[in-house]
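Residue numbers (the working numbering), protein chains in the order written: chain A, 1 to 315; chain B, 1001 to 1153.
If you are wondering where the hints come from, they were derived from the structure by calculation, not from laboratory data.
Under the rule of at most 27 angstroms between Cα atoms (straight-line distance), these lysine-lysine pairs were calculated in the DSSO-like manner: (1) B:K1114 / A:K165; (2) B:K1114 / A:K95; (3) A:K91 / B:K1114; (4) A:K91 / B:K1153.
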Amino acid sequence: MPSANENPTRSIVSIADLSKDEILSLLKLAAYFEEHPNSRLLDGKVVATLFFEPSTRTRLSFETAVNRLGGRIIGFSDPAATSTSKGETLKDTIKMVANYVDLIVMRHYLEGAARYASEVTEVPVINAGDGAHQHPSQTMLDLYSIFKTQGRLDDITVTMVGDLKYGRTVHSLLMALSHFRVKFNFVACDELRMPEEFRTFCDRNGIEYRESTDFSPEIIASTDILYMTRVQRERFTDLMEYERVKDLYNLDARMLDVAPDNLRVLHPLPRVNEIDQDVDDSPKAYYFQQAKNGLFARQAMICTALGIKVPADIH
Amino acid sequence: MSEKSKELAVAALRDGTVIDRIPSDALFKAVDLLGIADLGVSVTIGYNLQSNRLGKKGIIKVADTFFSPETLSRIAIIAPTAVVNTIRDYEVVDKQPVALPGEIVGLVCCDNPKCVSRNEPIPSRFEVVDRNPVTLRCHYCEHELSGDSIVLK
Ligand SMILES: [Zn+2]
Chain A
1 MPSANENPTR SIVSIADLSK DEILSLLKLA AYFEEHPNSR LLDGKVVATL
51 FFEPSTRTRL SFETAVNRLG GRIIGFSDPA ATSTSKGETL KDTIKMVANY
101 VDLIVMRHYL EGAARYASEV TEVPVINAGD GAHQHPSQTM LDLYSIFKTQ
151 GRLDDITVTM VGDLKYGRTV HSLLMALSHF RVKFNFVACD ELRMPEEFRT
201 FCDRNGIEYR ESTDFSPEII ASTDILYMTR VQRERFTDLM EYERVKDLYN
251 LDARMLDVAP DNLRVLHPLP RVNEIDQDVD DSPKAYYFQQ AKNGLFARQA
301 MICTALGIKV PADIH
Chain B
1001 MSEKSKELAV AALRDGTVID RIPSDALFKA VDLLGIADLG VSVTIGYNLQ
1051 SNRLGKKGII KVADTFFSPE TLSRIAIIAP TAVVNTIRDY EVVDKQPVAL
1101 PGEIVGLVCC DNPKCVSRNE PIPSRFEVVD RNPVTLRCHY CEHELSGDSI
1151 VLK
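Chain A with its partners taken away, still in its complex shape:
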């Protein structure tokens, strides 16, 4: 039973599990943690970070979030060291760990692993990535970055560039932004265009979008958020096609001359050459702060999953 200063605990597996109000409340919390990154809100709590697939970047961000909230961490970052490698089922691993901790943060190479884990234990689970499927903390930090730089999530134009076919971050962001009045430009070559499933999703939900194979000045000039992704060679069945398009979706500083002042460039990182180094010094470059926002977004998710009420001054 939650006490007066606690809400019920809840797992956060998919961005689609969050209502508009829940998303807004997480953003509000993230803003609070940006102002107050260090606290004792997790005093006495133990959090497990279970990385069945290594991801140093995501793990460090979650572990920093727990540490700055005053919690303690157990876990593993190398599945070779666990009994999973000896054939233990995921269920058994989760049930064993759940005996010790208040919250499980997990990353897994199998799609749907976090959903399954959340159904075999009472302990709340945060999905830190399950294969190519979901990565809700990435989406929350993207949303928070958009909210912070634009001051709102309604009435903005988001241009997604690069790999729109396999990029799970763009799909999740699209789903999350469907709660708001957002227009989209989808800029990609034919081989990596936005999948039909998501175009149908837009049509069904009355979301305005325009597709283009041309990363044109006209599109940049009408964009508020420019969301860049990496075009990877291994995604192409036709390597000639890869050679033809690989540099068409790169951004350099000169291209931003036509951009409105409020435009910000986002990228889930790591980048390779899709954003030229000369963009880094532009006031419109936001990808490094974006990554830092991940800390606050994860602090918000951790407190929400644990049902911890944060100080009243944010409401």
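Fit chain B with the ligand to the supplied structure of chain A, relying on the hints for placement.
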């Protein structure tokens, strides 16, 4: 089919089940699913019969056998138009379209090789998101299956 031959066909069955309006291309899958080869009772199978609704249809008549709702829901996945007639003492005592449940557990294999349901000892779980054509969404990885990608276990 004339009225007379219809009568004859049904008259051949005293007690049992007649599954009608099976699309022809699903007929032999349905025969498999019902486990007819192992039943040892008398069975009549009609294939490529004329149907106003379906073009060509199949029909399966099985004597002295009444299938479980679970078995019939498997038929619904491959032949959502099928109708099940229960015959007792030469009379049709019940006539029901097959019912596709809202959730399908353990019957269909997810087509995503990286899905947790294919790599851990757990039953598959699908939500029925569309009935015509039958479209299923995996509860775990959220892949959607329809048509030939729906493979029964
Ligand atoms: Zn699946």
